[in-house]
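There are 2 protein chains.
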Amino acid sequence: MNILFIMYDQLRFDYLSCAGHPHLHTPNFDRVAAKGVRFTNTYVQSPICGASRMSFYTGRYVSSHGAQWNGYPLRVGEITLGDHLREVGMNCWLLGKTHMKADAKGMARLGLAPDSVIGARQADCGFDTWARDDGLWGFGPDGYYDEKRSPYNEYLKSKGYDGDNPWSDYANAGVEDGNIASGWMFQNADKPANIREEDSETPWLTSEAIRFVDEVDGPWCAHLSFIKPHWPYIVPAPYHAMYGQNHVPQALRDKAELKAPHPVLGAYQKSAVAQAFQRDDVRRKVIPAYMGLIKQCDDQLGRLLDHLEATGKAEDTMIVLTSDHGDYLGDHWLGEKDFFHEASVKIPLIIYDPRASADGARGTICEALTESIDLAATFVEAAGGEVPDHILEGRSLMPWVRGETPEKWREFVVSEYDYGSTPRAPALGVSARDARIFMVFDGRWKLIHFEGGFRPMLFDLQTDPSEFIDLGEDPACASEIARLYDYLRAWGLRLAQRVTVSDSDIAEKRGKSGRRGILPFLVDGSEVAPELVEKYRGHARQIYTVQPAETAPEEGDKL
Amino acid sequence: MNILFIMYDQLRFDYLSCAGHPHLHTPNFDRVAAKGVRFTNTYVQSPICGASRMSFYTGRYVSSHGAQWNGYPLRVGEITLGDHLREVGMNCWLLGKTHMKADAKGMARLGLAPDSVIGARQADCGFDTWARDDGLWGFGPDGYYDEKRSPYNEYLKSKGYDGDNPWSDYANAGVEDGNIASGWMFQNADKPANIREEDSETPWLTSEAIRFVDEVDGPWCAHLSFIKPHWPYIVPAPYHAMYGQNHVPQALRDKAELKAPHPVLGAYQKSAVAQAFQRDDVRRKVIPAYMGLIKQCDDQLGRLLDHLEATGKAEDTMIVLTSDHGDYLGDHWLGEKDFFHEASVKIPLIIYDPRASADGARGTICEALTESIDLAATFVEAAGGEVPDHILEGRSLMPWVRGETPEKWREFVVSEYDYGSTPRAPALGVSARDARIFMVFDGRWKLIHFEGGFRPMLFDLQTDPSEFIDLGEDPACASEIARLYDYLRAWGLRLAQRVTVSDSDIAEKRGKSGRRGILPFLVDGSEVAPELVEKYRGHARQIYTVQPAETAPEEGDKL
Numbered sequence: 001m002n003i004l005f006i007m008y009d010q011l012r013f014d015y016l017s018c019a020g021h022p023h024l025h026t027p028n029f030d031r032v033a034a035k036g037v038r039f040t041n042t043y044v045q046s047p048i049c050g051a052s053r054m055s056f057y058t059g060r061y062v063s064s065h066g067a068q069w070n071g072y073p074l075r076v077g078e079i080t081l082g083d084h085l086r087e088v089g090m091n092c093w094l095l096g097k098t099h100m101k102a103d104a105k106g107m108a109r110l111g112l113a114p115d116s117v118i119g120a121r122q123a124d125c126g127f128d129t130w131a132r133d134d135g136l137w138g139f140g141p142d143g144y145y146d147e148k149r150s151p152y153n154e155y156l157k158s159k160g161y162d163g164d165n166p167w168s169d170y171a172n173a174g175v176e177d178g179n180i181a182s183g184w185m186f187q188n189a190d191k192p193a194n195i196r197e198e199d200s201e202t203p204w205l206t207s208e209a210i211r212f213v214d215e216v217d218g219p220w221c222a223h224l225s226f227i228k229p230h231w232p233y234i235v236p237a238p239y240h241a242m243y244g245q246n247h248v249p250q251a252l253r254d255k256a257e258l259k260a261p262h263p264v265l266g267a268y269q270k271s272a273v274a275q276a277f278q279r280d281d282v283r284r285k286v287i288p289a290y291m292g293l294i295k296q297c298d299d300q301l302g303r304l305l306d307h308l309e310a311t312g313k314a315e316d317t318m319i320v321l322t323s324d325h326g327d328y329l330g331d332h333w334l335g336e337k338d339f340f341h342e343a344s345v346k347i348p349l350i351i352y353d354p355r356a357s358a359d360g361a362r363g364t365i366c367e368a369l370t371e372s373i374d375l376a377a378t379f380v381e382a383a384g385g386e387v388p389d390h391i392l393e394g395r396s397l398m399p400w401v402r403g404e405t406p407e408k409w410r411e412f413v414v415s416e417y418d419y420g421s422t423p424r425a426p427a428l429g430v431s432a433r434d435a436r437i438f439m440v441f442d443g444r445w446k447l448i449h450f451e452g453g454f455r456p457m458l459f460d461l462q463t464d465p466s467e468f469i470d471l472g473e474d475p476a477c478a479s480e481i482a483r484l485y486d487y488l489r490a491w492g493l494r495l496a497q498r499v500t501v502s503d504s505d506i507a508e509k510r511g512k513s514g515r516r517g518i519l520p521f522l523v524d525g526s527e528v529a530p531e532l533v534e535k536y537r538g539h540a541r542q543i544y545t546v547q548p549a550e551t552a553p554e555e556g557d558k559l
Numbered sequence: 001m002n003i004l005f006i007m008y009d010q011l012r013f014d015y016l017s018c019a020g021h022p023h024l025h026t027p028n029f030d031r032v033a034a035k036g037v038r039f040t041n042t043y044v045q046s047p048i049c050g051a052s053r054m055s056f057y058t059g060r061y062v063s064s065h066g067a068q069w070n071g072y073p074l075r076v077g078e079i080t081l082g083d084h085l086r087e088v089g090m091n092c093w094l095l096g097k098t099h100m101k102a103d104a105k106g107m108a109r110l111g112l113a114p115d116s117v118i119g120a121r122q123a124d125c126g127f128d129t130w131a132r133d134d135g136l137w138g139f140g141p142d143g144y145y146d147e148k149r150s151p152y153n154e155y156l157k158s159k160g161y162d163g164d165n166p167w168s169d170y171a172n173a174g175v176e177d178g179n180i181a182s183g184w185m186f187q188n189a190d191k192p193a194n195i196r197e198e199d200s201e202t203p204w205l206t207s208e209a210i211r212f213v214d215e216v217d218g219p220w221c222a223h224l225s226f227i228k229p230h231w232p233y234i235v236p237a238p239y240h241a242m243y244g245q246n247h248v249p250q251a252l253r254d255k256a257e258l259k260a261p262h263p264v265l266g267a268y269q270k271s272a273v274a275q276a277f278q279r280d281d282v283r284r285k286v287i288p289a290y291m292g293l294i295k296q297c298d299d300q301l302g303r304l305l306d307h308l309e310a311t312g313k314a315e316d317t318m319i320v321l322t323s324d325h326g327d328y329l330g331d332h333w334l335g336e337k338d339f340f341h342e343a344s345v346k347i348p349l350i351i352y353d354p355r356a357s358a359d360g361a362r363g364t365i366c367e368a369l370t371e372s373i374d375l376a377a378t379f380v381e382a383a384g385g386e387v388p389d390h391i392l393e394g395r396s397l398m399p400w401v402r403g404e405t406p407e408k409w410r411e412f413v414v415s416e417y418d419y420g421s422t423p424r425a426p427a428l429g430v431s432a433r434d435a436r437i438f439m440v441f442d443g444r445w446k447l448i449h450f451e452g453g454f455r456p457m458l459f460d461l462q463t464d465p466s467e468f469i470d471l472g473e474d475p476a477c478a479s480e481i482a483r484l485y486d487y488l489r490a491w492g493l494r495l496a497q498r499v500t501v502s503d504s505d506i507a508e509k510r511g512k513s514g515r516r517g518i519l520p521f522l523v524d525g526s527e528v529a530p531e532l533v534e535k536y537r538g539h540a541r542q543i544y545t546v547q548p549a550e551t552a553p554e555e556g557d558k559l
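Chain order of the listed sequences is V and A. Numbered per this note's numbering, the first sequence finishes at 559, counting up by one with no gaps. Numbered per this note's numbering, the second sequence finishes at 559, counting up by one with no gaps.
Just chain V, same shape as in the assembly:
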């Protein structure tokens, strides 16, 4: 079997028709949901690309792998999904984005050349690379944001788009009065991107995926990782004009949220992106473009599904659809992601397993609390392996995929955010070390804990599903807060780094040192089996010491 692990960047959990979006029709997402299981309570380990993805790709919490923000290198030697899958005989390929930054210093320390097979995997987050394109080819006075080569830019050049950076000049720009209308500016979000639709990013990567499935033998896991609907919010025709102002929902926000907000939330509300999305004119420009980008993703997904079906590959390919985090789009007076309301931290997740064992669950939903780190464990089990639970911190979702209900399941999910690299840290007077936030959510109560001396926030999603009312200072909630803090403490003490020894390794070796000659606690040797001590019973061959011991002997003369 193969695994097609598809990720859309910044796709909100609720911007799909199968998830109930009132205007956006996504028949191809829905088509996979109808054949598989749709998970409705899946949370990312961090609502930011880099940290979240490193959790997907390692199956470990952000505090466990340490790559806590975009561009923080994943340290050399961290064990990845690719390592686990190769161990059970499945190759693991990358097509698209990871946001991985190589630990160049660590690689140099270990003498790993980036152009060796091993070095390349270390640099590409454990994947073998079919095409890597992180999709952010910004170029400014200090050079490129991303210093790698962009295969997408090379593709555009081969198609006749001119300049060094057609990603910026065509795929992510429109035209107005003969001038560039940059996709970076929200005012241009309603313009069509200045590119042939079939040359834009999502179709290009879909074509790469089709080429991949045709050319590469399995079993493989292919991480097909689209940059869209991530900003820049601009989409080629006809998608730019498919949705209008009447499709833009009211922002999920309440004036109460602006009154004496928690200091950290208050700082987020003042950020540039929040200020922009607080403007209705911005939302009316951006959200239709965001929806158009998703619609294009859906059409391209349909193209890929059709190809898999036409070639018979849909019958032996597990298909997984998900996202690395959501997008506030003005909800809660915020833009982007980066905080812990549902719009940001909750993701879509759909899993289709072609095997008969999953027949009983097709078209169902699963409401269990699930985490993005569960996918790595799921894929190892799907590939026929045993989940190495001393390394992978998530749990396999395969029981749910087969329609089974595990006897015991997690009671809470955890997500983290390290805002040390953002302007919020200095604005709040918080050191990089203390600029960390932890969310604990048990399905009803959501606690947000801040390092750095701030009070916690608390939402009750049962009585306040919109998350407008921060109960963090409500004395009536003290016992709930304490209970969630107990979860957080238990989580903080989890066994996360004993990655070189499994529980079964331990059980197997327990108590065996005696059979390797370590007998430290014997009074006279009668305590253990005779074969362990028999060699200590024999005649001393050479004698170097005076007898009896009670008299102070001379030093070291051989008798």
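These aren't lab readings, by the way, just hints derived from the structure by calculation. A few of these clues could be false.
Identical copies carry no separate label here, and so any pair may be met within one copy or between two of them.
What the hints assert, rightly or not - Mimicking DSS-like on lysine-lysine, the simulated pairs with C-alpha atoms at most 25 Å apart in a straight line are:
id	residue 1	residue 2
1	Lys512	Lys259
2	Lys148	Lys313
3	Lys512	Lys255
4	Lys159	Lys509
5	Lys313	Lys535
6	Lys159	Lys535
7	Lys157	Lys313
8	Lys255	Lys270
9	Lys35	Lys259
Model the placement of chain A on the given structure of chain V, informed by the hints.
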């Protein structure tokens, strides 16, 4: 400057005359203490060799490096003291024991050959190896406990000691009636080891150290790591007869400790070693041998100090004396180490800095709460480096060494123990994952937290310095327990794995992505400096899209 980092294995904090031992005279330890600072509240990160040492050698808590018990490999790529010191131009050598087990699987994954320089460092805990001898050359029906080569055994063979394993047959055995009297058996502890004193382990390694300081150019850090006074408890003449029953103190134990003990402590009290040390005849045999081993260590330290002074090297060599944990010796009805009473978890620590900057502190003591992980940070500072506090979790002791009092110091120490590999785990019905204990000590209150659903233990060392009274269930102590649990939670959430990015890296890069062309939150571009957006203002060179955008355009035709 050089650093001579000397470790004695299983040396109790109070078995030195400078620490107040009533019978054991250790003039050479005292001689270093008189020239340096003696730390009287230093705790190991785990009261067991392997885990404790990995914390010394990485400067990180056990839960951070993951090598939680003897023989659990330190994972490949974990950054060591050696890595830090080489970065500031100091070589880092090993003479003696580390108890490091290589992460062979991780090394294979990264293609690291054990016989390469880099591979050897990975396998030897970051050290360059002058002589590695872990000092436990047990051999039983299933082979050697330690599969490496023993340079000490080779030395003994070269001296004419016969057989495959003279470590066992001579260095750690006596003779009785012409038969081997194994050092493994406590009943033989009062016999002299069947070896010339100068050929026993401590003098052998001291000779290696003298050869090292004569032959190797600095600056170096040399980890001189003695196996003794660790068991087997047997010592050559004349040390075997220097101490007698009148030098054996009463065990620090109280019958109340045996009444309804905490279940985990109760399991420890039932262990083979505890049962043995509960017998006074065992204590009367073993403790004089233990003292003799320490006395021999002291004499050999004197020999080394004399050599350093005679060669002038004492003037540019920092000398550090410490241990990896203590030894219960029957206190609290226990033997060995492995639990959190002072006899086990507290260690001696003496630091002599030859530089004039330390003159004001010579011969003083420091009572601050210190941890074994502080040494790695101390050595980096002593070597002239800046402490990489995103990797090293300890704090440099150099201010204390210079007699300064840092403005802020830690409020508590943490130590951990993973007993999953011991018979206690199955005896208590606890899984390997849950067989973990955490100690939090704030200088007065010592909380011991158990995973696996047990209640905590609590000692008040102010009113109960002997640690006889477990207050873990005392309602009057609820607020102290809660306060210490808050420390534990904060510690559990510490920033431990963001090892590839420092706080200053973060501060330096903060807010600079705009200058690399990432401009995601602009409404119209007026929000930023003109040079960041000027390239988006120009004439569109090629146009691929129909204007105006408001009409649904044709796909992709170039106009």
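Hint check results:
Proximity of Lys512 to Lys259 under the C-alpha cut-off of 25 Å is found in neither arrangement, the shortest distances being 64 Å within a copy and 31 Å between copies. In the homo-oligomer, the alpha carbons of Lys148 and Lys313 never lie at most 25 Å apart, since the shortest distance is 33 Å inside one protomer and 51 Å across protomers. When the C-alpha separation of Lys512 and Lys255 is checked against a cutoff of 25 Å, the pair qualifies neither within a copy, at 66 Å, nor between copies, at 33 Å. Proximity of Lys159 and Lys509 under a CA criterion of 25 Å is satisfied in neither setting, with 61 Å inside one chain copy and 36 Å between copies.
Proximity of Lys313 and Lys535 under a CA criterion of 25 Å is satisfied in neither setting, with 64 Å inside one chain copy and 45 Å between copies. Taking the shortest alpha-carbon separations for Lys159 and Lys535, only the inter-copy value of 22 Å comes in at or below 25 Å, while the best intra-copy value is 80 Å. Proximity of Lys157 and Lys313 under a CA criterion of 25 Å is satisfied in neither setting, with 32 Å inside one chain copy and 66 Å between copies. Taking CA atoms no more than 25 Å apart as the test, Lys255 paired with Lys270 passes inside one copy only; the shortest distance there is 15 Å, against 64 Å between copies.
When the C-alpha separation of Lys35 and Lys259 is checked against a cutoff of 25 Å, the pair qualifies neither within a copy, at 46 Å, nor between copies, at 62 Å.
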